[in-house]
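Trainee: Work the whole structure out from these sequences, hints included.
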Amino acid sequence: GLFVTDYFTRTPRKLSPFRSFASIELFHFHIPEDTVIAVWNLITFKEQGGTFGDQCPDRSITVYFRSGAPSVINPLHTHFPRDTAVPGSFALTLTWTLPNRTTGVFNVTSPLPGDWFLAAHLPKDEGKISVKGLYEECQYLFQPQLIVQRLVNIAVLYPGHITEQSMALHNRSCLYKVFVPSYTSRVLVEVLRCRGAEGCPLWLRVRAKAPPLHNSTTLDCREHTPCQLAQDLPFWQHWYYVLVEKHPGVLGTVSFQVTVQLTDCSRPNLARPPFLPSSASMNMPHSFGSAGGLALGDSPPPTSSNDTKHPVPIPVTSHAGERCWPVRPTLRNELDTFSVHFYIFFGPNVSVPPDRPAVFVINLLPVLDSGGVLNLELRLNVSSLCGENVTVFGCLNHEVPLTTSDNTSVTCETESLAGFLLSVNATASLSRLRIPYPQTGSWYLSLRSLCATEHGFEPCTNVTAEVYLRAYLSPCINDCGIYGQCKLLRTNNYLYAACECKAGWNGWGCTDNAEAFSYGFQLLSTLLLCLSNVMFVPPVAIAVRSHYLLEAAVYIFTMFFSTFYHACDQPGIVVFCIMEYDVLQFCDFLGSLMSVWVTVIAMARLQPIVKQASVLYLLGAMLLSMALQMDRHGLWNLLGPSLFALGIMAVAWTARTIRRRHCYPPTWKRWAFYLCPGALIAAAAVLLYAFVETEENYFYIHSIWHLLIAGSVGFLLPPRAKPSRRLGPLPRRKGCGYQLCVNEQEELGLVDPAVASINSICTS
Numbered sequence: 001g002l003f004v005t006d007y008f009t010r011t012p013r014k015l016s017p018f019r020s021f022a023s024i025e026l027f028h029f030h031i032p033e034d035t036v037i038a039v040w041n042l043i044t045f046k047e048q049g050g051t052f053g054d055q056c057p058d059r060s061i062t063v064y065f066r067s068g069a070p071s072v073i074n075p076l077h078t079h080f081p082r083d084t085a086v087p088g089s090f091a092l093t094l095t096w097t098l099p100n101r102t103t104g105v106f107n108v109t110s111p112l113p114g115d116w117f118l119a120a121h122l123p124k125d126e127g128k129i130s131v132k133g134l135y136e137e138c139q140y141l142f143q144p145q146l147i148v149q150r151l152v153n154i155a156v157l158y159p160g161h162i163t164e165q166s167m168a169l170h171n172r173s174c175l176y177k178v179f180v181p182s183y184t185s186r187v188l189v190e191v192l193r194c195r196g197a198e199g200c201p202l203w204l205r206v207r208a209k210a211p212p213l214h215n216s217t218t219l220d221c222r223e224h225t226p227c228q229l230a231q232d233l234p235f236w237q238h239w240y241y242v243l244v245e246k247h248p249g250v251l252g253t254v255s256f257q258v259t260v261q262l263t264d265c266s267r268p269n270l271a272r273p274p275f276l277p278s279s280a281s282m283n284m285p286h287s288f289g290s291a292g293g294l295a296l297g298d299s300p301p302p303t304s305s306n307d308t309k310h311p312v313p314i315p316v317t318s319h320a321g322e323r324c325w326p327v328r329p330t331l332r333n334e335l336d337t338f339s340v341h342f343y344i345f346f347g348p349n350v351s352v353p354p355d356r357p358a359v360f361v362i363n364l365l366p367v368l369d370s371g372g373v374l375n376l377e378l379r380l381n382v383s384s385l386c387g388e389n390v391t392v393f394g395c396l397n398h399e400v401p402l403t404t405s406d407n408t409s410v411t412c413e414t415e416s417l418a419g420f421l422l423s424v425n426a427t428a429s430l431s432r433l434r435i436p437y438p439q440t441g442s443w444y445l446s447l448r449s450l451c452a453t454e455h456g457f458e459p460c461t462n463v464t465a466e467v468y469l470r471a472y473l474s475p476c477i478n479d480c481g482i483y484g485q486c487k488l489l490r491t492n493n494y495l496y497a498a499c500e501c502k503a504g505w506n507g508w509g510c511t512d513n514a515e516a517f518s519y520g521f522q523l524l525s526t527l528l529l530c531l532s533n534v535m536f537v538p539p540v541a542i543a544v545r546s547h548y549l550l551e552a553a554v555y556i557f558t559m560f561f562s563t564f565y566h567a568c569d570q571p572g573i574v575v576f577c578i579m580e581y582d583v584l585q586f587c588d589f590l591g592s593l594m595s596v597w598v599t600v601i602a603m604a605r606l607q608p609i610v611k612q613a614s615v616l617y618l619l620g621a622m623l624l625s626m627a628l629q630m631d632r633h634g635l636w637n638l639l640g641p642s643l644f645a646l647g648i649m650a651v652a653w654t655a656r657t658i659r660r661r662h663c664y665p666p667t668w669k670r671w672a673f674y675l676c677p678g679a680l681i682a683a684a685a686v687l688l689y690a691f692v693e694t695e696e697n698y699f700y701i702h703s704i705w706h707l708l709i710a711g712s713v714g715f716l717l718p719p720r721a722k723p724s725r726r727l728g729p730l731p732r733r734k735g736c737g738y739q740l741c742v743n744e745q746e747e748l749g750l751v752d753p754a755v756a757s758i759n760s761i762c763t764s
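full-length UniProt numbering puts the sequence shown at residues 1 to 764.
No lab work stands behind these hints, which were simulated from the structure alone. Take these hints with a grain of salt, some might be off.
To be verified - Now the in silico label distances, taken between C-beta atoms and shown as ranges:
{"id": "1", "residue 1": "Leu524", "residue 2": "Gln629", "range": "50 to 60 Å"}
{"id": "2", "residue 1": "Phe3", "residue 2": "Ala428", "range": "48 to 58 Å"}
{"id": "3", "residue 1": "Asn41", "residue 2": "Leu524", "range": "43 to 53 Å"}
{"id": "4", "residue 1": "Asn349", "residue 2": "Thr453", "range": "24 to 34 Å"}
{"id": "5", "residue 1": "Tyr581", "residue 2": "Leu335", "range": "21 to 31 Å"}
{"id": "6", "residue 1": "Leu92", "residue 2": "Tyr581", "range": "34 to 44 Å"}
{"id": "7", "residue 1": "Arg328", "residue 2": "Arg13", "range": "41 to 51 Å"}
{"id": "8", "residue 1": "Leu98", "residue 2": "Val4", "range": "30 to 40 Å"}
{"id": "9", "residue 1": "Ala672", "residue 2": "Gln629", "range": "37 to 47 Å"}
{"id": "10", "residue 1": "Arg720", "residue 2": "Ser16", "range": "45 to 55 Å"}
{"id": "11", "residue 1": "Asn492", "residue 2": "Pro677", "range": "48 to 58 Å"}
We treat Cβ as the ideally placed atom computed from N, Cα and C, and that holds for glycine.
Mentor: Right under this line is the structure:
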């Protein structure tokens, strides 16, 4: 056949340590139909400060692959919520082969067509809280690339038509495909008139959606006569691929005929018509290629010696499970993103008769619905059982309903199908099922009732069970509970939702409490972070006693907003917010930096030098507000104004030292008992904040930070300024009234007041 190669790539992204699914990087690819091989080239490299990070440590990178929907991963081995089905995925760990770069390759032979998702993350770290901009952080960038090779012009088989083929010496196999419409219960592939040097040395392989593999359904035509391969309960609305392959070592030409027959489950004793004039009759795609095949709507091509197609009558025998029942649709009601309810016509109460199953279909839109959680709930109306020991079983299957005639079977699995089983009875009348990140397409729910006896389950007689059925799509499981937050995430044009847990809770729905904080621990951490701000009371008292009223007001502002910000910032349930979180955070950061600013300006004693020292206070407030608005967690945006204030203080102290020819402050007691201890306490607070604080010790290390910063302010705040010794002009004695001074000539407008002498008339 003719191969076409396609190439896809994605932009490199920075990987993060795994904490929850919200911290992973998700990549979305689309694999076309008829792909025979897909190769992912996984490129990972390090960066530090805009250059290659040769000095960065090697950290393993885990990549997950899944078709149809994102992977449901659990690298921390936490517990999933109850009634949650966990779909499988393939994981790959990348190791470093070069100091700053590594490459991995992942091959998939005959991959399923459609959407493929890759998820990548770093291992979980110790949770250190780093100050942004303090040092160059090591970044691990991941870039996946996809190369696919697909076949074009694959021969198409038509039900009831024979295709003749001659396989030459240099050919090893022939590939065909046939489209299976809805309500098909059986696909039968048969090889006829096989002639070769050693009988019929052929393998017959069949697979849905993609070309067959070595482990696909296989039949050896040398051992089976006739060479027929049947697929019961095939996937609806999909291509089935047929591979006819020579045995190894077979020489010479092998000729054969291949035909396919589809059984309509609505009429199990009748095969589908051998030829349909239009694509609408078979619900097939309107355009597809075929090597020597039919184009829909055309007449069969003329007969040739190498490739002949003509109708052939094939006897049809009835098989168990071929009969299908009417499928009841559901009404889709979209409320919001990943908030979709599926309503049943004449529901939500459903009657399940004893002689046949009730089948419903839930259609999930491609790409759009795979990022949420599919929820299913069954509730049995016990009063409808009339005292019988009835159990209602539900089978949820993807792309084909499981309706078998074996009424005593309670499984939802076959050789080629795997579904989810639900059951309700008089004892357990409620059953739930949650499927995170479900595959899109059609999901079929088959409900049937069986009566329990001493010998197992048997069909019920004259009992129609009534079941309340609820199906809906939600962003997260139970909205992540009280210890989690459901986040809506986006990667390029793909949306998905994930839980971000807090207060030590883990798991897909934040229900794993193995490392959860107790209520007492949450209360203790909240009280420590809030009450540690009381340490600002002594600096306020010192400032008021020293007549630093503006500084005292700033300290009170800081103490107030820091207390209520930390009361609102707690991860657990001990939370109290008097304002919006963003407002409290901004005021807390602004108050902390303004406290440093006004303290340093007060230490500079600029009042004798700068007559309007309040200008600097206003300038600091404006600069700090601007810096916080630009980047609230940036190091230099916050450190710059503080260094500017320290520079002003240094210039002022230097000017006094030069003018007085003596070190300023002049007394050694001020240096020994106030300035040096205050500077050491402030330096210790900064070191704790920048290098020691982690997520685990945050509540007490940050409380110590509050105590040290407030304590350093009490040491560094200068004493009350002494009054100046210079005598000013003596104040004029005034009586108990007031003085009114009027320039007589100016009032009369006789002379220019700038040149004329002023004769004032003062009256009391």
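Trainee: Take the hints in turn and mark each one as holding or not.
Mentor: Evaluated hints:
1. Leu524 x Gln629: 50 to 60 Å: Cβ of Leu524 to Cβ of Gln629: about 34 Å, so the range 50 to 60 Å is violated.
2. Phe3 x Ala428: 48 to 58 Å: 55 Å, holds
3. Asn41 x Leu524: 43 to 53 Å: 51 Å, holds
4. Asn349 x Thr453: 24 to 34 Å: 27 Å, holds
5. Tyr581 x Leu335: 21 to 31 Å: 26 Å, holds
6. Leu92 x Tyr581: 34 to 44 Å: Between Leu92 and Tyr581, where Cβ atoms are some 39 Å apart, the hint holds.
7. Arg328 x Arg13: 41 to 51 Å: 44 Å, holds
8. Leu98 x Val4: 30 to 40 Å: Hint holds: Cβ distance 33 Å, inside 30 to 40 Å.
9. Ala672 x Gln629: 37 to 47 Å: The hinted range 37 to 47 Å holds for Ala672 and Gln629, with Cβ atoms some 41 Å apart.
10. Arg720 x Ser16: 45 to 55 Å: For Ser16 against Arg720, whose Cβ atoms are near 52 Å apart, the range 45 to 55 Å holds.
11. Asn492 x Pro677: 48 to 58 Å: This hint holds: roughly 56 Å between Cβ atoms.
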